[in-house]
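Listed below, chain by chain, are the residues.
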Amino acid sequence: MTEFTVRTRRTRELVDITDRVQEAVRASGVREGICCVYVPHATAGVVVNENDDPQVCEDLLDALAKLFPDGVWRHDRVDNNASAHLKAAVTGPGQVIPVADGRLALGRWQAVMLAEFDGPRDRRVIVVVR
Amino acid sequence: MTEFTVRTRRTRELVDITDRVQEAVRASGVREGICCVYVPHATAGVVVNENDDPQVCEDLLDALAKLFPDGVWRHDRVDNNASAHLKAAVTGPGQVIPVADGRLALGRWQAVMLAEFDGPRDRRVIVVVR
Amino acid sequence: MTEFTVRTRRTRELVDITDRVQEAVRASGVREGICCVYVPHATAGVVVNENDDPQVCEDLLDALAKLFPDGVWRHDRVDNNASAHLKAAVTGPGQVIPVADGRLALGRWQAVMLAEFDGPRDRRVIVVVR
Numbered sequence: 000m001t002e003f004t005v006r007t008r009r010t011r012e013l014v015d016i017t018d019r020v021q022e023a024v025r026a027s028g029v030r031e032g033i034c035c036v037y038v039p040h041a042t043a044g045v046v047v048n049e050n051d052d053p054q055v056c057e058d059l060l061d062a063l064a065k066l067f068p069d070g071v072w073r074h075d076r077v078d079n080n081a082s083a084h085l086k087a088a089v090t091g092p093g094q095v096i097p098v099a100d101g102r103l104a105l106g107r108w109q110a111v112m113l114a115e116f117d118g119p120r121d122r123r124v125i126v127v128v129r
Numbered sequence: 000m001t002e003f004t005v006r007t008r009r010t011r012e013l014v015d016i017t018d019r020v021q022e023a024v025r026a027s028g029v030r031e032g033i034c035c036v037y038v039p040h041a042t043a044g045v046v047v048n049e050n051d052d053p054q055v056c057e058d059l060l061d062a063l064a065k066l067f068p069d070g071v072w073r074h075d076r077v078d079n080n081a082s083a084h085l086k087a088a089v090t091g092p093g094q095v096i097p098v099a100d101g102r103l104a105l106g107r108w109q110a111v112m113l114a115e116f117d118g119p120r121d122r123r124v125i126v127v128v129r
Numbered sequence: 000m001t002e003f004t005v006r007t008r009r010t011r012e013l014v015d016i017t018d019r020v021q022e023a024v025r026a027s028g029v030r031e032g033i034c035c036v037y038v039p040h041a042t043a044g045v046v047v048n049e050n051d052d053p054q055v056c057e058d059l060l061d062a063l064a065k066l067f068p069d070g071v072w073r074h075d076r077v078d079n080n081a082s083a084h085l086k087a088a089v090t091g092p093g094q095v096i097p098v099a100d101g102r103l104a105l106g107r108w109q110a111v112m113l114a115e116f117d118g119p120r121d122r123r124v125i126v127v128v129r
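Chains as they are written, first to last, in numbering that gives the first Met the number 0: chain Y, 0 to 129; chain C, 0 to 129; chain A, 0 to 129.
Incorrect hints may appear among the rest.
For chains that are exact copies, the list does not tell them apart, and a pair is met inside one copy or across any two.
When the alpha-carbon atoms are kept at most 25 angstroms apart in a straight line, the in silico SDA-like pairs for lysine to any residue are as follows [what the hints assert, rightly or not]: (1) K65 x R8; (2) K65 x R76; (3) K65 x T7; (4) K65 x D15; (5) K65 x R120; (6) K65 x R11; (7) K65 x D52; (8) K65 x P119; (9) K65 x P53; (10) K65 x R9; (11) K65 x E12; (12) K65 x D78; (13) K65 x V77; (14) K65 x A99; (15) K65 x T4; (16) K65 x R19.
Worth flagging that the hints you see were computed from the coordinates, not collected in a lab.
Being a predicted model, the structure only gives us computed values, none of them experimental.
Construct all of the structure, not just a fragment, from the sequences and the given hints.
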């Protein structure tokens, strides 16, 4: 198990962490198995999708903003970040990716991204390879 | 592998099962690895998010009710619970959480919750630790 | 680890792959553990839900089409398939399912389905059992 920190820069952004997860897989010495990438946070998540055109990431943030608008939820009266919780609940706190030949078995157009919904903050990413 | 049952009380609710999953991790004897929490149902799911303010759970149920309204789907003519299937499909039947020092590596604001979308019912929860 | 290919037939469809995943679990020889089903694609996903009434699948495709309409995103100017990326990002590239007695511990109403959002194409499905 390894852990690293990502310092996010904006309120909402997707940060490509593929290389850092790949390095954790390499360091584990596991050649074939599964890799769990997990954020121990309730207003962030892990998304696997395209980052070759980074506009896909912007589109996803826009789409989630439309589905979960700001400021209209019960929890907003407590902490004013309810929409971030809703986005994190739906995208999920982690993803499990196969490992083959000692590397993440990602597709050509797949990147692993930390989804920040209530930044900027320091976010922990836990990687377990089995 | 262990399994327990949750008796839900309402049509839609999130039931905090963190302690029961934590106990399954402890009983497994695994000190470091991953924990898969899974519900073998098509109208329920597993969500990881905040329960310190339980209004976050109510907000999530409200948000999903808006995105997947009742009574307007093909399957409603068969079983009248299509929206519950749609919510379960999107939240997913399970989550995988890292285990460290013999405990779930949850964040300060994360709880593990059974998401009931078509209750009240008895729901099975399967926990595998590896 | 095993891999198989699914040839999808329509732009959007759910293809039931339960039997092929079940066969991969059997061939692995693992009696108790977890099974990771993963698609290395950015416009497809894996969904676990009901297929006894296949209208549930049609309802899910309709629901996702409403939430993520075609043709209104930045990435559409590059590749005209942004909505497929958004659907894949939200449903997720994989699912983890417990294995008991050498078989997937699916519920009575659960099927494992490849979710095609930008077909028809040949899609790879990777199965890892641990």
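The hints, checked one at a time:
1. K65 x R8: Classified as within: same-chain Cα gap 22 angstroms, cross-chain 31 angstroms, threshold 25 angstroms.
2. K65 x R76: both (20 angstroms within a copy, 20 angstroms between copies)
3. K65 x T7: within (22 angstroms within a copy, 30 angstroms between copies)
4. K65 x D15: within (23 angstroms within a copy, 28 angstroms between copies)
5. K65 x R120: Close inside one copy (23 angstroms), not across copies (30 angstroms); limit 25 angstroms.
6. K65 x R11: Intra 13 angstroms, inter 23 angstroms, cutoff 25 angstroms: intra and inter.
7. K65 x D52: Both, since 21 angstroms and 24 angstroms are each at most 25 angstroms.
8. K65 x P119: Within. Shortest intra-copy distance 21 angstroms satisfies the 25 angstroms Cα cut-off; inter-copy 29 angstroms does not.
9. K65 x P53: Both, since 19 angstroms and 23 angstroms are each at most 25 angstroms.
10. K65 x R9: within (18 angstroms within a copy, 28 angstroms between copies)
11. K65 x E12: Both: 15 angstroms inside a chain and 24 angstroms across chains, each within 25 angstroms.
12. K65 x D78: both (20 angstroms within a copy, 22 angstroms between copies)
13. K65 x V77: both (22 angstroms within a copy, 22 angstroms between copies)
14. K65 x A99: Neither, since 37 angstroms and 37 angstroms both go past 25 angstroms.
15. K65 x T4: The answer is neither: 29 angstroms in one copy and 35 angstroms across copies each exceed 25 angstroms.
16. K65 x R19: neither (31 angstroms within a copy, 35 angstroms between copies)
Comparing the model with each earlier hint shows violations of hints 14, 15 and 16; every other hint is respected.
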